[in-house]
Every structure is written in C-alpha cells, then in structure tokens.
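> The primary structure of each chain is shown beneath.
Number of protein chains: 2
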Amino acid sequence: MEFKINKARFDQRLAELAKIGARQDGGVSRLALTDEDKAARDLVVGWMKELNLQVHIDQVGNLIGILPGKTAEEPVVMGSHIDTVPAGGRFDGAAGVLAGLEVLETIQEQKIQTRRPIAVIAFTNEEGVRYRTDMIGSRAFCGFLSPKQAYAARGTDGSNFGEELKRIGYAGEFLCGSLHPHAYVEYHIEQGPVLDQQQITVGVVTGITGISWQEVTIEGQANHAGTTPTAMRHDAGLAAARVIVYLRELANSLGENQRATCGTIAFLPNAINVIPAKAVFSVDLRNSDESVLMEAELRLGDFLKRVEGEDGVSINTVQLARIQPEACHPDIITAITQSAQDFDYRHRVMMSGAVHDALIMARYCPTGMIFVPSKNGISHSPAEYTSLDDLEAGANVLCHTVLNLSKR
Amino acid sequence: MEFKINKARFDQRLAELAKIGARQDGGVSRLALTDEDKAARDLVVGWMKELNLQVHIDQVGNLIGILPGKTAEEPVVMGSHIDTVPAGGRFDGAAGVLAGLEVLETIQEQKIQTRRPIAVIAFTNEEGVRYRTDMIGSRAFCGFLSPKQAYAARGTDGSNFGEELKRIGYAGEFLCGSLHPHAYVEYHIEQGPVLDQQQITVGVVTGITGISWQEVTIEGQANHAGTTPTAMRHDAGLAAARVIVYLRELANSLGENQRATCGTIAFLPNAINVIPAKAVFSVDLRNSDESVLMEAELRLGDFLKRVEGEDGVSINTVQLARIQPEACHPDIITAITQSAQDFDYRHRVMMSGAVHDALIMARYCPTGMIFVPSKNGISHSPAEYTSLDDLEAGANVLCHTVLNLSKR
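Which chain is which? The protein sequence lines are C and Z, in order. Taken in order, the first sequence gives residues 1 to 408; the numbers are from our numbering. Taken in order, the second sequence gives residues 1 to 408; the numbers are from our numbering.
These are computed hints drawn from the structure, not numbers from a lab. Among the clues, some could well be false.
Since the list can't tell identical chains apart, any single copy or any two copies may satisfy a pair.
[Stated by the list, open to error] Okay, derived cross-link-like pairs now, DMTMM-like style, lysine to aspartate or glutamate, Cα gap no bigger than 25 Å in a straight line:
no.: 1; residue 1: K278; residue 2: D196
no.: 2; residue 1: K375; residue 2: D11
no.: 3; residue 1: K148; residue 2: E249
no.: 4; residue 1: K305; residue 2: E249
no.: 5; residue 1: K278; residue 2: E215
no.: 6; residue 1: K305; residue 2: E290
no.: 7; residue 1: K305; residue 2: E295
no.: 8; residue 1: K375; residue 2: D311
no.: 9; residue 1: K111; residue 2: E50
no.: 10; residue 1: K19; residue 2: E297
no.: 11; residue 1: K278; residue 2: D25
Bear in mind that the values here come from a model prediction, so they are computed numbers and not experimental data.
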C-alpha cells in the first residue's frame, strides 16, 4: 500500500488519553459523565478541532468530528467510546476513537479528498457501568432511545444522566437521529484470546453476538446429607450441576460461535451436611446467529424439563436480558478483508463475542468491525494490552477501508 | 410379650421436658450448658431420684442413673442427650433419655430383678453446636477426651465449657472412664425418611456412619463469557459441576449405604458474564463401612485428577473432618431384632447416616441402636415428629432388649 497511518502519533494520543483516570497499576478508571470523562472529552474535542473537523456535540453528549467530503452525501463513520469500566485498560474503546482521529489526520496529510464525508464519533456511556443501559450514546444516536429517556437514566451511584451530562458541559444541541451514516466501521480490541493465540493481526468481524441471560432457580428438598438415601433425594444442587455440565455439551453441539456459560451460583441453605433445597444460577448464552441462539434457548428449556422430571425438582427461569445478534454488512466485511489482504496482514473472520456500539449501529446502517489482538485475551483489566504494531495494523486497515467506502 | 412400657407416662415426660427451651413454633432451643440445659438436667435428675436410681454426675456433667442389679457386674447402659440444636425438635436425644427412664420405671413396676445393673445416661453437649466438638460427654465418659480437654472447649458464643459447667452446677465428681458398660443401647429418632416412607416401626441399626468432609477448591481462569471460545476455557465452575454430578454416580455405584453430597458452593468472581476463575465446594461422603468409605475417597481423588487433566484446572482438597464408622455389635443387633420380632413390629436393619453418642460408645463397649420413624425424615427442626405409637414401640423394644442383655 502506498501509505500508512502515523504509528508514533497514534501511540502518543493513546498515552495522553490514558493519563486521564490513570490508576497506579497502569489501568484506567473513567466512568461515563464523571470529571474524568469530561477531561477526556475536552482532550478529544481539542484534537478534533486541531484537525479542523466539523465538531458537533449531540443531545446525549456523543462527540462527532466530521471531515467534509467533495459531496454532502451520507458520511462514512468510524467510532467507539472513551468511557471505561472501573478498573479498565487503556485500549477498550479509546483505541477505536483515536484510530479514527489518526485515520482522518493521515487522510488530510495525504491530501486525499473523498467523495463522502468521513466522521469519527465517541459515543457516550458504552460500558453501561455507571448508567445501566449500555451503549446509551449509540442507541440515542440512532433514535432507538430518545434523549429524554437517556436523561432519565439513574446511575448506580444515584446520579442522574441528564444532570451529569449538563454538569460536565456536554449536553449538546446536535439532534440525535439527524445523521445517517452511509457505513459504520468500528475498530476495537478483540477482548478475547483468539487473535493473540493464533498470532493473527486483524479480525474481520462478520457478526456481533446476541445475548440471552437467564436466571435459573431450581427448587428441591432440603434433607440431611447423612440420613437421606440417594433414591429419596431431590437435590437442587445436583440438578444445577447437571445443567451446568449440559451447557458445555450445548456449546459443543452448536458450533464454534455458540457460547454457554454459568458465571454465578448460590445454594440454599448452603450447609455442608444439608442437601441443597434451592440452587440459583445464571446462564449466559451467546451466538452471532439469531436462529442458532434460539435453538440454544430451546434445547436448554427441553433439558430443564428433563431434569425436572428425572430429579423431582421444579425449575423456573427468568430472562434477565435478551439481545438479538446482528450480522455485519457483506460490503464492509469485503472492504475490510480487501484492505487486510492489501497490507498482507494475517487476518481471519470471526464473530464478536462481546457487544459494542457496532451492535446498535448495525440496526441503523451498514456496519462492520475490525479487531486487533488482546494479549492473553485480557480486557476490562489494567493488564489489557495490544502491541503498537498490531494497533498500527488495525488502523491501517481502518484507514483504507473507510477510504474505499467513501469513494476516494 | 407379657408387658409394655407406660405410653402415657412416657408421653407426659416428653411433653414436660419439651417445655424447657420451648419455642412458639413448637420447637425447642436448649443448647448445652445454658440455663435451659440446667433446668432440663434438674428435671431429669429429679425423675431419676423419684425412681430411687443411684444418681451420679460425672466430671463433664453426664447424668447417670443406675438401677442396681443382683450383682455388681458391668451394667447395661441406655442413653442419649438432652441438649438440642438452636431450633430443634422435641424428640432428638430427649426421646432416648426419657425412653431409658420409662424402661427403668417399667422394670421396677414389673418387679423384675436383673442380674446386671441397668443404667440410663444423658450425655453432655452431643450436638456440638455450642461447643464445636460434638459428643463431648460420651467422648469424656469413655476416656477418649480428658475432663481437662473438655473444660478448655471454647463456645461459639465465646463461653468456656468448664466455667459454664460449674456455673450451672453440673461439674460432678464421678470419674470419667470409671464405668465400663457391658453393653450400650441408644434409642433415637431416625432423623431420616426411610422408616416413615416404608411404614416400618423399628430400625435395627447395624452400623453408624463414618464421615469424610472435604473442601474442594478448583482454580481455572477467569475470562469473558462472550469472547472466549469454548476450546480455550478453563472453567472452574464447570469442573465443579462435573464433580458434583460425579458424586451422585459414586453414591450409586457403591451401594445403598454410600452417601455423597455437595451442600455448599461458591464461584469467584461470581459474575454473570465471567467464566469462573475459582470454585470452592464441600463434599460430604458417608458410609457405615470404613473400607467402602475409603474406596469412595479414592475414587473421588481419581476423578479430581481426571478433571484436572481434561479441563486444564488445578484442584486442591482440604480434609475438614474424618470420622471412622463403627459397626454395631452382633449380639445387640440380634437382641434388638429378637425383641422387635417378639412384639411383631415391622422392622428392618439399616445404617445410621447421622452420628450419635453410640458412635463413640461403640469404640468402648458393645453397642447398638434402635431407631423410630421421623415423619417425612425431618429433624433438627420444630417440625420434627414421631407418633406416640412409634415412640412406644421403640421403647418396648428397648425395654426387652436391655432385659435380655442384663440377664433378667
């Protein structure tokens, strides 16, 4: 390829942004709409202005920087977020926003004029840590959530979204829903181990996972662990264990993109010599294909019925969350793959097992994602790490992908 | 049989004792060496004296009432305990002590003179609730625990065994270890569901369970439930579930007397979207046959090694308790069975899945146990219940068993 992004400049911006909310252990805590978030926003908006982008702050605080094109056609949009989890890393979200800025600066340096405008967006409250609805910014950007609904969100710290947004000076006037992208491309660290373990530089995301979260409650009968013969037991804990073992079978039987996890569990009364009367545990099912995700839910339901009958227990489930997966757009998958090939980077198609702003955007406009490796798959941790070479490679692919999509 | 015990009188004593520490819900709270325990002891000692028994209080507060025989040979001893768990029932322990008293009164009424003395003992702190070493009274009675060791026991409420024993006036002078029974027969409610479900009146206990308590800690690797492919997981929670499912297989493969239970569990970090890094759970293995209990421990150990290899986790176990089972003495099993047959009571042999003073006594002298049904198997609960007919039947069997053993 004739040119690349400026690796050192990209790295420097990452380092500068990471100072805001920096923790002693190298991590970052920059929750949405806090003072740290405000400082980070000021920095990013400053950089947007330095690049002479058209800067807009929309009604829910999304930061939008637009590099005008030769026409006023719908822009090609890059984006991610700059809020973090409480003890997060330097790359989750931030890398995507700063890669976008770097791409725009590179395009300017190369004096390339595209037909379509190209924009970069930093979406508000992606993490869903301070305000429980995650991806509030992208949801409102697309009009799936009204600004009023967003303002009403109550924080886990008792704060109010609307008040905090105003307090930090980021309740903008740019109307949500007024900008419809021609395409949305999100650059993000993988937050999983696949690329790192397989020593692949670029992940071409074909779909973003759907999620089915259930809480399963099994009621059996408490009894003395010594005096109750096996045949007379209705052991809620054993029934739960059978389901957890089944979850693995389920994942194995539904292909590589099926994930099934039990992350939480509790027994009642939780006494060493008492057969559990009750077991409550969580089930996290994910797939990037809605029909397979539904199949997983159905099979789990059948298995729960079977356990009810065999173990003499009663089982109830509560759906805690249900997010429909979204496929990435074939044209964008193709454009990303082409760019990776042009650079001769090792790349592979994969699903995104975590949700991102791209999941929301995919319901609004053609969307794609570029993944770069996360060392040991670690994310949401101060230990989160992506090498500068990998960061650069992803940004190069992003650059040429958006140039391609914006009709250079 | 020519005579039976006095059912009404037995019932009346049970009712009177149950008033001490009575709860509004019908249950009883009478922890060892509390004021309630003192009041109950006073009542029992009073009844012993009314029956003109030789009454001894030994160094750890065991209440011993002896009906002299024609000789000074070793006595036949009945016994159990009158302390309860915090919200216990009316029958656990108390029924055994009062059945013993009732048997002695019946024998007196029948003007039967036995060759051997017959005694009834109420052992101190059987439950192990207030002072964690359970069966302190019987352990000290047999000389397996010195009075000094007993006195040093620290209560869960911060109290001291020796001080409390003195405070309630039951630090006696009768030497522990100075009385060796010819035989010990304990009458007890089953505290399990077998007799009730099978509509059998009398359980002839052939052995008292041994217990192996282990805490198992499995360490895997915390990872994102969405981004971590199945093949790259080291899921400590799944590994724990596999072990819990295996416990049931283990019980099924080692016969009716093998019990295997997981009663407690915890995952770390216990988050819905995080693969558990760590799982800690308890294993309660029981059998009345030491060789089979050891086999169960060995097979579990082998399975843990297998899971370590297959799941890429590391597993550590800590032995929390290990009690060796004891067989009941064939002569006493025979005597109890003979008495039950003479009365034409439905009876069956069975193991005791809970531990009792009889477990300790079996290491000291020939020992046996008579079980009566617990409704729905419930014990250690205000809902504990045994019908008066069943209570009477057990006491009749006890009466004729001790008469037989004491060479009427």
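> If a hint holds in the structure, say so; if it does not, say that too.
Here is how each hint holds up against the structure:
Proximity of K278 to D196 under the C-alpha cut-off of 25 Å is restricted to the inter-copy arrangement: shortest distance 24 Å between copies versus 41 Å within a copy. Taking the shortest Cα distances, K375 and D11 sit within 25 Å of each other inside one copy (17 Å), while across copies they are farther apart (73 Å). With identical chains, the CA atoms of K148 and E249 are never at most 25 Å apart, being 44 Å at best within one copy and 57 Å at best between copies. Taking the shortest Cα distances, K305 and E249 sit within 25 Å of each other both inside one copy (17 Å) and across copies (21 Å).
Taking identical chains as interchangeable, the C-alpha atoms of K278 and E215 lie at most 25 Å apart whether they share a chain (13 Å) or sit on different chains (20 Å). Taking the shortest alpha-carbon separations for K305 and E290, only the intra-copy value of 23 Å comes in at or below 25 Å, while the best inter-copy value is 38 Å. In this assembly of identical chains, the alpha carbons of K305 and E295 lie at most 25 Å apart only when taken from the same copy (15 Å versus 34 Å across copies). In this assembly of identical chains, the alpha carbons of K375 and D311 lie at most 25 Å apart only when taken from different copies (22 Å versus 43 Å within one copy).
In the homo-oligomer, the alpha carbons of K111 and E50 lie at most 25 Å apart inside one protomer (16 Å), although the nearest pairing across protomers, at 112 Å, exceeds that limit. In this assembly of identical chains, K19 and E297 lie within 25 Å of each other by CA distance neither inside one copy nor across copies; the values are 43 Å within and 54 Å between. Only between protomers do K278 and D25 lie at most 25 Å apart by alpha-carbon distance; the minimum there is 23 Å, versus 40 Å within a single protomer.
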